[in-house]
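> Sequence:
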Amino acid sequence: MKFHFQVCGVWISNASGNTFKPAIQFVDGGLVVRTSQWLETKICRRTDGSWYWNSNHIAYYFGKHIEGNEEKGYPDTWEYEGLLGTHYYL
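For my numbering, add 192 to where a residue sits in the sequence shown, where the first one is 1.
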């Protein structure tokens with residue numbers, strides 16, 4: 193059963209897709225938290241049973257900016273590697 197509702201301005205859903213913000217989504221056995229700036233933190237289970245998390249918030253605010261080449265189709269990226277793990281934001 194799919195649900196999709198809003199509480200105090202935050203969407204809570206188990207529907208797939210990222211067409212609404214801010215949101216808390218329960219998708220594919222994981223949890224996605226999305227802010228009004230479209231930054232996401234995702235916690236999910238890998239196929240081997242281990243847990244995985246990636247935070248655009250950490251990468252964007254604390255990571256190193258790597259300039260892309262738009263002419264060749266490479267976007268700017270941000271990468272963070274430290275105490276909080278390894279995180280990427282494209």
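Some hints here could point you the wrong way.
Cut-off 20 Å, straight-line C-alpha distance, at most; resulting in silico cross-link-like pairs (EDC-like, lysine to aspartate or glutamate) [unchecked claim]:
| # | residue 1 | residue 2 |
| --- | --- | --- |
| 1 | Lys-256 | Asp-240 |
| 2 | Lys-256 | Glu-273 |
| 3 | Lys-234 | Glu-259 |
| 4 | Lys-234 | Glu-262 |
| 5 | Lys-213 | Asp-240 |
| 6 | Lys-234 | Asp-220 |
| 7 | Lys-256 | Asp-220 |
| 8 | Lys-256 | Asp-268 |
| 9 | Lys-234 | Glu-263 |
Simulated restraints, written as ranges between beta carbons of each label pair [said to hold, decoys possible]:
| # | residue 1 | residue 2 | range |
| --- | --- | --- | --- |
| 10 | Leu-282 | Gln-198 | 23 to 29 Å |
| 11 | His-196 | His-257 | 17 to 23 Å |
| 12 | Phe-197 | Tyr-266 | 34 to 40 Å |
What the hints contain is simulated information worked out from the structure, not anything from laboratory work. Cβ coordinates follow ideal geometry from the N, Cα and C atoms, glycine included.
> All hints, please: hold or fail.
Do the hints match the structure? See the list:
Between Lys-256 and Asp-240 the alpha-carbon distance is near 30 Å, which puts this suggested pair outside the 20 Å criterion. A C-alpha spacing of about 9 Å is found between Lys-256 and Glu-273, which places the hinted pair at or below 20 Å, so the restraint holds. With a C-alpha separation of about 24 Å, the suggested pair Lys-234 and Glu-259 falls outside the 20 Å cut-off, and the hint is violated. Distance check on the hinted pair: Lys-234 and Glu-262 sit about 27 Å apart at the alpha-carbon level, beyond 20 Å; violated.
At most 20 Å may separate the alpha-carbon atoms for a hinted pair to count; Lys-213 and Asp-240 exceed this at roughly 30 Å. The straight-line distance between the Cα atoms of Lys-234 and Asp-220 is roughly 11 Å, inside the 20 Å bound, and the hint therefore holds. Our distance criterion of 20 Å between C-alpha atoms is broken by Lys-256 and Asp-220, whose separation comes to about 30 Å. Straight-line distance between C-alpha atoms of Lys-256 and Asp-268 comes to about 11 Å, which keeps the hinted pair within the 20 Å bound.
The straight-line distance between the Cα atoms of Lys-234 and Glu-263 is roughly 30 Å, outside the 20 Å bound, and the hint therefore fails. Restraint check, Leu-282 to Gln-198: a C-beta distance of roughly 28 Å satisfies the suggested window 23 to 29 Å. Distance hint check for His-196 and His-257: the Cβ-Cβ separation is about 35 Å, which falls outside the suggested range of 17 to 23 Å. Phe-197 and Tyr-266 have their C-beta atoms about 39 Å apart, which keeps the hinted 34 to 40 Å range intact.
Checked against the numbered hints above, the structure violates hints 1, 3, 4, 5, 7, 9, 11; every other hint is satisfied.
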